[in-house]
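Enquirer: Add chain G to chain R, keeping to what the hints say.
Chains as they are written, first to last, in this note's numbering: chain R, 1 to 369; chain G, 1001 to 1369.
Heads up, some of the hints might be wrong.
Said to hold, decoys possible - Below are the DSSO-like pairs computed for lysine-lysine, each with C-alpha atoms no more than 27 Å apart in a straight line:
hint, chain 1, residue 1, chain 2, residue 2
1, G, K1146, G, K1223
2, R, K339, G, K1146
3, R, K108, G, K1339
4, R, K324, R, K139
Claimed, not checked - Over 10 Å on every C-beta distance to chain R, these chain G residues come out as not near it, computed from the model:
hint, residue
5, K1006
6, I1057
7, E1058
8, D1060
9, L1117
10, L1133
11, N1231
12, P1243
13, Q1278
14, P1336
15, D1357
Simulated from the structure, these hints should not be mistaken for laboratory data.
Computed from a predicted structure; not experimentally measured.
Ideal placement from N, C-alpha and C gives every residue a C-beta, glycine not left out.
For reference, the chains in residue letters:
There are 2 protein chains.
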Amino acid sequence: MDFKIKRLKLLNALSKTTKAVSIRSPLPVLTGIKFDLQENCLILTGSDSDITIQTRIEKDENLIINQTGGVVLNSRYILDIVRKIDSDEISIHTIDGALTRISGSNSKFDLNGTDILDYPRIDLSKTGTKVLLNSLILKDIISQTKFAASDKENKPILTGINFKATNHQLECTATDSYRLAKKIVSLDEDVTFNITIPQKSLDEISKIIESDEMIEMYVSDRKVLYVFNNNIIQTRLIDGSFPDTNRLIPDSFNYELDLDTHYLLNAIDRVSLLTNEQNNIIKLDMDPDKIVLSSYMQEIGSVEEILDNAFYKGEPLSISFSSKYANDAIRAFNEPKIKILFTGEMKPFIIKDYEKDDVIQLVLPVRTF
Amino acid sequence: MDFKIKRLKLLNALSKTTKAVSIRSPLPVLTGIKFDLQENCLILTGSDSDITIQTRIEKDENLIINQTGGVVLNSRYILDIVRKIDSDEISIHTIDGALTRISGSNSKFDLNGTDILDYPRIDLSKTGTKVLLNSLILKDIISQTKFAASDKENKPILTGINFKATNHQLECTATDSYRLAKKIVSLDEDVTFNITIPQKSLDEISKIIESDEMIEMYVSDRKVLYVFNNNIIQTRLIDGSFPDTNRLIPDSFNYELDLDTHYLLNAIDRVSLLTNEQNNIIKLDMDPDKIVLSSYMQEIGSVEEILDNAFYKGEPLSISFSSKYANDAIRAFNEPKIKILFTGEMKPFIIKDYEKDDVIQLVLPVRTF
Chain R
1 MDFKIKRLKL LNALSKTTKA VSIRSPLPVL TGIKFDLQEN CLILTGSDSD ITIQTRIEKD
61 ENLIINQTGG VVLNSRYILD IVRKIDSDEI SIHTIDGALT RISGSNSKFD LNGTDILDYP
121 RIDLSKTGTK VLLNSLILKD IISQTKFAAS DKENKPILTG INFKATNHQL ECTATDSYRL
181 AKKIVSLDED VTFNITIPQK SLDEISKIIE SDEMIEMYVS DRKVLYVFNN NIIQTRLIDG
241 SFPDTNRLIP DSFNYELDLD THYLLNAIDR VSLLTNEQNN IIKLDMDPDK IVLSSYMQEI
301 GSVEEILDNA FYKGEPLSIS FSSKYANDAI RAFNEPKIKI LFTGEMKPFI IKDYEKDDVI
361 QLVLPVRTF
Chain G
1001 MDFKIKRLKL LNALSKTTKA VSIRSPLPVL TGIKFDLQEN CLILTGSDSD ITIQTRIEKD
1061 ENLIINQTGG VVLNSRYILD IVRKIDSDEI SIHTIDGALT RISGSNSKFD LNGTDILDYP
1121 RIDLSKTGTK VLLNSLILKD IISQTKFAAS DKENKPILTG INFKATNHQL ECTATDSYRL
1181 AKKIVSLDED VTFNITIPQK SLDEISKIIE SDEMIEMYVS DRKVLYVFNN NIIQTRLIDG
1241 SFPDTNRLIP DSFNYELDLD THYLLNAIDR VSLLTNEQNN IIKLDMDPDK IVLSSYMQEI
1301 GSVEEILDNA FYKGEPLSIS FSSKYANDAI RAFNEPKIKI LFTGEMKPFI IKDYEKDDVI
1361 QLVLPVRTF
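Okay, chain R solo, but in the shape it has when bound (with noise of 0.2 Å):
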């Protein structure tokens, strides 16, 4: 393996494979890049048993191919070399056996890599069902959704975002069971599946995106394929069913609150200084004359704030929540009013913006204190 090639260019390559490995993964060879030179391409690959990230620069000015070959270099060290060394052209060669040579100015690191033939074979074949999904429809989907998946390990499937398609339509799910983000976006293919994608997985896919493009998606049982511009990136889907979260959602509503979005976050922001860390209740008292939101901190005081900036329909209505839930859900919304509507005291509230309703955040209220 011999080549020369821009030093920009192969770290752009390189962060991008190198968010797929896990430093601590069991199979050493797996913390490593796999370096795949070939005739009229490189092609850097990362792994670890969740996510498979390629991607594949080719053949140009910028890359010019003395030799090909390949060779496994240890993700963290490739990464830091080629982010801090002199020149803005970098050559790599092997020198005898996997032993590399990375060159710049004045610079010269010689890393032991792995045989190329050790690194584990990873299918990456188009598979399965096809559908094509715009890249920034999925970053709001990852953005608007992966905060309300749980961090626990004791339900694996609720770690995920559900993905489910049916009739020109793909409806995304995360909740920890005290919280549920959905987001619905129509798709031109009548596909049909229903899968739960560790939610890990796609938040890194949502930082390898770099541009508004469309991504081909490949559902097969066991995994997801994404191809868009130079990447493949594959992903392993959960075991399991995922919980049928629609009939959580109420469907009529005795009580609307509406306000401006970023009044509404500082309001509980400053709310939130006089909660514990563990629980950061908030209570929101509602009729038509006042609302105010409050809490309560033992030995340590207690706040009110009235939110004159806010419109409310209904009976008078006590409710209490976790300010960090809230939070989050209506931080999922990238516009400046949204409405609150609620069925009863200890009856889960959704929060969706004001006009449109491909978001639905909703929030399962607590005890009052």
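Expert: Leaving out everything else, chain G in the frame of chain R:
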């Protein structure tokens, strides 16, 4: 206690005094800030056993005093509240005993304070030897020496910075016994003292210094007082005698390396990529024709960097040292060019500005690999 104040004015004062507070103080009242509202001013005090910071806000159009009095408020909560409250002007008044209301436009916080009589009396009188020091020079002293102080408690005296005044000269030294940093400044006063101030306290003082001004220092046996602007800061001294370090600094040298500060820092940064976090040893091989910085990491690989932007005088010499210590020492110079002076392979070497002699950094080499 009842007053109205501009939010930013109070926030600035609280940010300073809070720096002295340790939220894990064994004396609960010291987790608070003392508010002492007098006829003509508001005095805020924060303290732990090492440092006390007091700042004074004079009565003017930004501070309206309705009723004098005082209270101690939890530093963390009062700081967060003043940071986030929804108004440019805040009203603060005690409601009942130590229960204190902080009000903005629509938000109202009630904090359970502590009676001001429970706050320990701290003597901040201006006693001892008086010295005047420019604030920016004090900042330089701190930033150019503090990293060399020990972070281990087994030799408490080494966790401080030694200030030794004699013959119109102030010599400030920190050492963890593997390296040493010294800065010498001249004094108008012909005073004599030899004190060691906790490095952590000096670091807090450095953060409070905002402008170019004169600081009055009052040095006594067990403490030192700094008075500037509307601030009074008092720090305890560390007991014990600081080692006489001048005999450690060689006064003649056989080898000299001159280089560009920034260029050397970058080279060290690169070569350090292949070192262990524990010892991070790098090696410098010098002869007048070639200067090479290198490191080696078992199983991982090696790196060599040719320093061609450097000038060396002397017989060939190889020396190994901690890249972290070298990096800290070199960063202390705000000058474009430095010189490194050696006496032998296993002898301490020193780093100086290429032209000035006010700062001396000394590093002990280690056995080479």
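Enquirer: Determine for every hint whether it applies to the structure shown.
Expert: Each hint, compared with the structure:
no.	hint	in the structure
1	G:K1146 / G:K1223	holds (19 Å)
2	R:K339 / G:K1146	violated (54 Å)
3	R:K108 / G:K1339	holds (25 Å)
4	R:K324 / R:K139	holds (22 Å)
5	K1006	holds (18 Å)
6	I1057	holds (23 Å)
7	E1058	holds (29 Å)
8	D1060	holds (28 Å)
9	L1117	holds (20 Å)
10	L1133	holds (39 Å)
11	N1231	holds (27 Å)
12	P1243	holds (37 Å)
13	Q1278	holds (16 Å)
14	P1336	holds (19 Å)
15	D1357	holds (31 Å)
Against the hints set out earlier in the document, a violation occurs for number 2 only.
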